[in-house]
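Asks: Mapping the sequence shown onto the working numbering, position 59 (from 1) lands on 59, and the numbers just tick up by one.
Worth flagging that the hints you see were computed from the coordinates, not collected in a lab. Ideal placement from N, C-alpha and C gives every residue a C-beta, glycine not left out. Please note that a few of the clues may not be correct.
[As the list claims (entries may be wrong)] With beta-carbon atoms standing in for the labels, derived distance ranges:
id	residue 1	residue 2	range
1	A156	Q106	16 to 26 Å
2	G145	T47	15 to 25 Å
3	P152	T47	37 to 47 Å
4	L144	A22	42 to 52 Å
5	D82	G112	20 to 30 Å
6	A2	G50	55 to 65 Å
7	E28	E3	22 to 32 Å
8	H44	A23	18 to 28 Å
9	T47	A2	39 to 49 Å
10	L10	N46	20 to 30 Å
11	P113	D82	32 to 42 Å
12	P151	S176	24 to 34 Å
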Amino acid sequence: TAETPRLDVLVTDGGGLLFSVAAESVIEPATSPHALAVGAVCVHSNTLQGYSSRGPTIDGRTKPDVVAQDANSGATYGGSTDCLTGFTGTSASAAHVTGAVALLKQANPSFGPADLQAALEARAEDIEPPDGKDNDSGAGRLALGAAPPVPPSAPANSTLPSVTGHFHQSQTLAASTGE
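From just these sequences and the hints, can you work out the full model?
Replies: Put into structure tokens, the structure is as follows:
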């Protein structure tokens, strides 16, 4: 049988390409089913950035998994006044997702990688049609919602434990466990 071969070309500076396609632009390692792929949305307009990679993967899976804000202000890249200034790109977006994963893990120590991804995706907010997970914005824009309730503080001793008596060989000591 005759088949049409598939040719994937990765160009790091695509400014001169005549025909570029955003679809299926997610590359390794983000295409792995074990990787959390992150796209970029502008913090000022809440719109998907043109350079944000899109799915599906070569085997048809939906990617990215979530999108997060970029065009962030900071000391290293300066202030951001629009979608092209400040810290831009999926590197900026991935930093937000990494922080969110750390907060989810802290609140849920038993969560493994799949649980953390599911929690992120469940809280994500759709940014454009169609509703649900898609190959442009994944499950949607990063959103954790309200902070979990503060756990009650640990009980404190009203009376500290103590040991009394003479600390010499063959002497009896008395101990109090405190309250």
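Asks: Tell me the hint numbers this structure goes against, listed in increasing order.
Replies: The structure conflicts with hints 4, 5, 6, although it agrees with all the remaining ones.
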